[in-house]
Amino acid sequence: MAKNTQNLDEVTIRFAGDSGDGMQLTGTQFTNTTALLGNDLSTLPDYPAEIRAPQGTLFGVSGFQIHFGSLEINTPGDQCDVLVAMNAAALKVNLGSLVDGGAIIVNTDGFSDKNLKLAGYPSNPLKDPAIQKYTLYEVDITKLTTLALQDMNLSSKIVDRSKNFFALGMMYWMYNRPLEPTIEWIKKKFSAKPDIMESNIRVLKAGWNYGETTEIFKVRYEVGPAKLTPGKYRNITGNQATAWGFIAAAKRAHLDLFLGSYPITPASDILHELSMYKSYGVKTFQAEDEIAGVTSAIGASFGGSLAITTTSGPGVALKTEALGLAVMVELPVVVINVQRGGPSTGLPTKTEQADLLQALYGRNGEAPIPIVAASTPGNCFYAAIEASRIALKYMTPVFLMTDGYLANGSEPWLIPKSSDLPDLTVKFRTEAEGFMPYLRDEKTLARPWAIPGTPGLEHRIGGLEKQHLTGNVSYDPANHEYMVRLRAEKVERIADDIPTAKVEGDAKGDLLVVGWGGTYGAIKSAVTKMRAEGHSVSHLHLTHLNPMPKNTGEILYNFKNVLVPELNMGQLVKVLRSKYLVPAVGLNKIQGLPFKSVEIEKKIVEILKGGK
Amino acid sequence: MSTKVNEMLASAASVAPVKYTSKDFSSDQDVRWCPGCGDYSILAQTQRVMPDLGIPKHKTVFVSGIGCSSRFPYYMNTYGFHSIHGRATAVASGLKMARPDLSVWIVTGDGDGMSIGGNHLIHLLRRNIDVNVLLFNNQIYGLTKGQYSPTSEVGKVTKSTPYGSIDYPFNPASLALGASASFVARTLDRDPKHMQVVLKRAAEHKGTSFVEIYQNCNVFNDGAFFQFTEKESKDENVVFLEHGKPLVFGKEKEKGIKLDGFTPTVVSTKDGKYSVNDLLVHNEKDTTLSFILADMTMKPALPRPVGIFLSLERPTYDDMMTLQIDEAKKKRGEGDLEKLLNSGDTWMIN
Ligand code: SF4
Numbered sequence: 001m002a003k004n005t006q007n008l009d010e011v012t013i014r015f016a017g018d019s020g021d022g023m024q025l026t027g028t029q030f031t032n033t034t035a036l037l038g039n040d041l042s043t044l045p046d047y048p049a050e051i052r053a054p055q056g057t058l059f060g061v062s063g064f065q066i067h068f069g070s071l072e073i074n075t076p077g078d079q080c081d082v083l084v085a086m087n088a089a090a091l092k093v094n095l096g097s098l099v100d101g102g103a104i105i106v107n108t109d110g111f112s113d114k115n116l117k118l119a120g121y122p123s124n125p126l127k128d129p130a131i132q133k134y135t136l137y138e139v140d141i142t143k144l145t146t147l148a149l150q151d152m153n154l155s156s157k158i159v160d161r162s163k164n165f166f167a168l169g170m171m172y173w174m175y176n177r178p179l180e181p182t183i184e185w186i187k188k189k190f191s192a193k194p195d196i197m198e199s200n201i202r203v204l205k206a207g208w209n210y211g212e213t214t215e216i217f218k219v220r221y222e223v224g225p226a227k228l229t230p231g232k233y234r235n236i237t238g239n240q241a242t243a244w245g246f247i248a249a250a251k252r253a254h255l256d257l258f259l260g261s262y263p264i265t266p267a268s269d270i271l272h273e274l275s276m277y278k279s280y281g282v283k284t285f286q287a288e289d290e291i292a293g294v295t296s297a298i299g300a301s302f303g304g305s306l307a308i309t310t311t312s313g314p315g316v317a318l319k320t321e322a323l324g325l326a327v328m329v330e331l332p333v334v335v336i337n338v339q340r341g342g343p344s345t346g347l348p349t350k351t352e353q354a355d356l357l358q359a360l361y362g363r364n365g366e367a368p369i370p371i372v373a374a375s376t377p378g379n380c381f382y383a384a385i386e387a388s389r390i391a392l393k394y395m396t397p398v399f400l401m402t403d404g405y406l407a408n409g410s411e412p413w414l415i416p417k418s419s420d421l422p423d424l425t426v427k428f429r430t431e432a433e434g435f436m437p438y439l440r441d442e443k444t445l446a447r448p449w450a451i452p453g454t455p456g457l458e459h460r461i462g463g464l465e466k467q468h469l470t471g472n473v474s475y476d477p478a479n480h481e482y483m484v485r486l487r488a489e490k491v492e493r494i495a496d497d498i499p500t501a502k503v504e505g506d507a508k509g510d511l512l513v514v515g516w517g518g519t520y521g522a523i524k525s526a527v528t529k530m531r532a533e534g535h536s537v538s539h540l541h542l543t544h545l546n547p548m549p550k551n552t553g554e555i556l557y558n559f560k561n562v563l564v565p566e567l568n569m570g571q572l573v574k575v576l577r578s579k580y581l582v583p584a585v586g587l588n589k590i591q592g593l594p595f596k597s598v599e600i601e602k603k604i605v606e607i608l609k610g611g612k
Numbered sequence: 001m002s003t004k005v006n007e008m009l010a011s012a013a014s015v016a017p018v019k020y021t022s023k024d025f026s027s028d029q030d031v032r033w034c035p036g037c038g039d040y041s042i043l044a045q046t047q048r049v050m051p052d053l054g055i056p057k058h059k060t061v062f063v064s065g066i067g068c069s070s071r072f073p074y075y076m077n078t079y080g081f082h083s084i085h086g087r088a089t090a091v092a093s094g095l096k097m098a099r100p101d102l103s104v105w106i107v108t109g110d111g112d113g114m115s116i117g118g119n120h121l122i123h124l125l126r127r128n129i130d131v132n133v134l135l136f137n138n139q140i141y142g143l144t145k146g147q148y149s150p151t152s153e154v155g156k157v158t159k160s161t162p163y164g165s166i167d168y169p170f171n172p173a174s175l176a177l178g179a180s181a182s183f184v185a186r187t188l189d190r191d192p193k194h195m196q197v198v199l200k201r202a203a204e205h206k207g208t209s210f211v212e213i214y215q216n217c218n219v220f221n222d223g224a225f226f227q228f229t230e231k232e233s234k235d236e237n238v239v240f241l242e243h244g245k246p247l248v249f250g251k252e253k254e255k256g257i258k259l260d261g262f263t264p265t266v267v268s269t270k271d272g273k274y275s276v277n278d279l280l281v282h283n284e285k286d287t288t289l290s291f292i293l294a295d296m297t298m299k300p301a302l303p304r305p306v307g308i309f310l311s312l313e314r315p316t317y318d319d320m321m322t323l324q325i326d327e328a329k330k331k332r333g334e335g336d337l338e339k340l341l342n343s344g345d346t347w348m349i350n
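As given, the protein sequences belong to chains A and B, one line each in that order. Note that my numbering has the first sequence beginning at 1, numbered continuously upward. Note that my numbering has the second sequence beginning at 1, numbered continuously upward.
These are calculated hints, taken from the structure and not from any lab test. One or more of the hints may lead you astray.
Across the chosen pairs, the derived CB separations fall in these ranges [unchecked claim]:
id	chain 1	residue 1	chain 2	residue 2	range
1	B	Glu338	A	Lys127	56 to 64 Å
2	A	Thr213	B	Arg332	41 to 49 Å
3	B	Lys339	A	Lys127	50 to 58 Å
4	A	Asp497	B	Ser2	22 to 30 Å
5	B	Lys339	A	Thr500	30 to 38 Å
6	B	Asn6	A	Asn558	49 to 57 Å
7	A	Val598	B	Trp347	25 to 33 Å
8	A	Phe190	B	Asp319	33 to 41 Å
9	A	Glu180	B	Ser343	44 to 52 Å
Please read all numbers here as calculations on a predicted model, not as lab measurements. Backbone N, C-alpha and C fix where the C-beta goes; we use that ideal spot for every residue, glycine too.
Next up, chain A with everything else stripped away, as it sits in the complex:
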C-alpha cells in the first residue's frame, strides 16, 4: 500500500531489550548505516553491569539511543521520539525517556504474564489507557521472526537470537535506510556460520518487508544529510578514537607505543583495540594488576617508548603511588582515566566526572600532573595526541580524562590527514659531554631523556628526592624545596604552550557556562538554544585543566555570572572559585547519566532571572 513520507530534521530512537537481545549490536548497526547516509549523529549506549542478567528483569535491560539528523547534533538526545521495546521490562525502564506523543514499537511476545511479573507490572501496560498518549505499534516480532525462518530447521535459540534484526529491519524501513551495509556486515561477521548468516539476513529483510506491507505503519520518514564540514568521514567511538590517537602520537613521535593495562570497565576497549595493531609496533601488556599496568609503562618509558596506561577511577587509585614516582623521575607516561560512577566499584557501566580532584591532587607530596580532557567521542583522538605531546615534551606523567559516556558514545568523525597531525619528534640525549640527568631545558624545564643503551650516559634515577642537576639522592632541605618548586613550575610553564581558551558566543555577557570533558554536547546545545532565544549566555569548555589556559581568569571576569555544570558534586567549580576568586555556581548531577540539555537550560534561565 502507498505510505506517506514525512521529512524530519532530527529524530531520537532508543532500542531497548534484554541484555541478551543484542540491542547494542542493533543500535551500532543503525548508527553505522545512518552515518553512511551523511546524517550528523550522537549515540548513547546504556547497558547493565551484569553480562547476562536474568532474562526479563528490570536490571537486565540494555538500551542504545541514537540521535541523528540533518542539523548539527551535539547530544544523544534528552528524550527519545521512538522507543523500540523488546519486552515489558524494557518498556518500564525506558518509558520515562520517551517524549509525550512519541512512538512505541513493542514486541508483544515480550509481554507474557511472566514478563509482566518480572517487570513488576500488575496488568498489561499495553492495555492501559495511559499508553494512549503515545502512538503504540504492537508487533509480534518473535512470531514473525519464527515464520521467516520456519523452513530452515534452526534451533529455537538461534531463532530467538535473530529477532533483533527484525526490529532493525523495521526501523530501516521506517527511516528509509538501506539494508546493504548491515547485510555486508553480517556476511563478514558470520562467514564461518552460514546458517546464522542466512537467518540474520532473512530476518532483517523480513522486518523491512513487514514495514512495507503491514497496515499498522501509516508513515515513513526521511531524514536528509547534514551540512557537515566537507571531507571524508567515519563513525568513531571515544575509546576507539583514544586508541587511534595514541597510535598516531607514537607514529608522529617516531616511538613505539607501549600500553600496560589491567582490564577495567569502561576502559578495556582501548586495550582490545590497541592489541590489534601489532604491525604498528604497538606493544600491549595485560598486566597482573593496575599497579603493574602503570609501573610497566614507567619501565617502558625509561626504555624510550611512548608509554601509556588505561584505566578507570578505581584503577587510578591503585596507580597513585607509581604516578608520584613518575613525577619524581620525570618520565613521560600518559594515564587514561575513562571515568565511571564512584566511589569504590560504584557504577562501572555508568558515566561520571568525579575524578577531577583525584587527578589534580590525589597523590602524596607535592606531585603536580598535567591534565587534558576530551570533549566528544571524536575529540578523544586529538586529546590523546595532546596528552602525549605534553608528556614527551615536558618529561612528565599526564592524565587524559575521558568518561564512560564518551568512551562508548559515537559520532561522525572527519578523518584527518596524518601529515596534518602535530610533529612530536623527540630527541633522546646522546652526547656524553656535559650530561647530567637533571640538567633541564631552559624553556620547558624538562630533563633530558637518556635511555639505557646510550654509551656514556649510565645514570641512576629513583623515587628518592633528587639533587638539582646531578640527580643524585639528596636529603638537603633547601634542595627539596627547590626541586618541589621546580617541578611545579615545569607544569605551570605548559600554560605558555597551549592554546588560549576560546569562548563560544560573546566574550562578555550575563552568564558564562563553563564545562570540561564529556558535557560539551549538552552544554553546547543548551547554550545555543538559549542564545537563539536572545539570552546573553556564552560557553567555555576547558580541554586543559592543569595548567589552565592563561586567559581563563580574564574570560571569567567578563561575565556577571559563571555556571559550571558537572557530573559530580562540584569539582571544577571548586578549582575555579579558589584559583580565580569568582563566585561561580555549580549545576550538579550524580546519577550515572549525562546531562540533558533541558536541565542546563533550566538552570541558565534560573540564573538569568536572578535566582541562582
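Go by the hints and put chain B with the ligand onto chain A.
Relative to the frame of chain A, chain B with the ligand by itself:
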C-alpha cells in the same frame, strides 16, 4: 619504520667493545650499607662477574624496589632505576618488553619481593621474561629497623612480634618453582666463589632467573645463616647441588642424600650400608626433583640445599612478543597511519 630508539642503537653499535674490569662497574656513590652487611659481598661479586658477561655496561640496567637491598643500583655504574616498594619486577618487565636488547637485573629483598611485591614476582616468573632476579633474603626488615619478614621463622621475636611471630614463612625457592620459574637458584653472601658461578649462570639463562641469596643483616638479624656459611658448621649443614653429581655433604664428604620414595633422607656412605652410588643425583632439568630439593629447606633434619635447583629452557615472553610483532609486520606490512585512519566504513561529504 625506524624509531628514534633504533636510530640511537644503530649509532651506539659503532662504539668499540671495551674490556672491562670490576672497577668499571662501580659508581661514584658512597656505599651506605651498615659496616659488615652481607650486601657488600653481593655487590662485590656482581661487579666481579659483570666483565665476564661480555655485555657493555650501557646495555645493563639494575632495577630495584625499596629496602636495604634496593640501594644496589646506585652503586653500579650501569643504568639504574630505584623504583617503589615491591614494583621493581613490574618496572623491569615493562623495560625488558620495550627494550629486549637490554640486560635487565632486578634487585629485591624478602620484604620487597615476597611481601608487598609478591604478586608481581609470581607473574614475572610464570611469564618467563628474560631478566635476572636477585632476592637478598635476610629474613628481616632492615630499612624499617627490624620487623619480621615473610621469610622469618615462626616464633621470631622482633619489634613487631614481641611475643614471637606466628606467621608461617615462605620458602622462596619453592614459591618460585610453584610459579613455574625456569631458573631457580640459591647462594650465600659468604661464599663468593659459589655466588659468582650462580650469578654467571643466571645471566646466561634465557628467561627469568631467580636467585635467592642468603644475606646476613648484622644489625637486626645477625647470624641468621651462620650455620650454613661459617667454616665450623657449614659442611655439616649445607648440601651443594651440582648437575649430574650425587648429593654429598659432611666434613669428610661422608654423608649423602638418598631418596626414600619421594622423601629425601640422610645416609652415611662410610658405614658400609650405602655407597655413593645409592645417592640422589642432581638433575637441573628435572622439575619434579626441583620441588623435592627446594622442600628440603623446610626440614630441619636435612642439610640446606644450595645451588641451582632448576634450569630449564622455555620460550620467553619478550621473545614471543617480538615474534608476534614481526609476524604481523610481515603479514600486513609496516603499519601505516594514513591507512589506519582511512580504514573501515567511510563516506564523503562534499
Ligand atoms: S640494616 Fe641490615 S640489611 Fe640493612 S644495611 Fe644494615 S646490616 Fe645491611
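Structure-based check of all given hints:
no.	hint	verdict
1	B:Glu338 / A:Lys127: 56 to 64 Å	holds (58 Å)
2	A:Thr213 / B:Arg332: 41 to 49 Å	holds (46 Å)
3	B:Lys339 / A:Lys127: 50 to 58 Å	holds (56 Å)
4	A:Asp497 / B:Ser2: 22 to 30 Å	holds (28 Å)
5	B:Lys339 / A:Thr500: 30 to 38 Å	holds (35 Å)
6	B:Asn6 / A:Asn558: 49 to 57 Å	holds (51 Å)
7	A:Val598 / B:Trp347: 25 to 33 Å	holds (32 Å)
8	A:Phe190 / B:Asp319: 33 to 41 Å	holds (36 Å)
9	A:Glu180 / B:Ser343: 44 to 52 Å	violated (19 Å)
Of the numbered hints stated above, the single one contradicted by the structure is hint 9.
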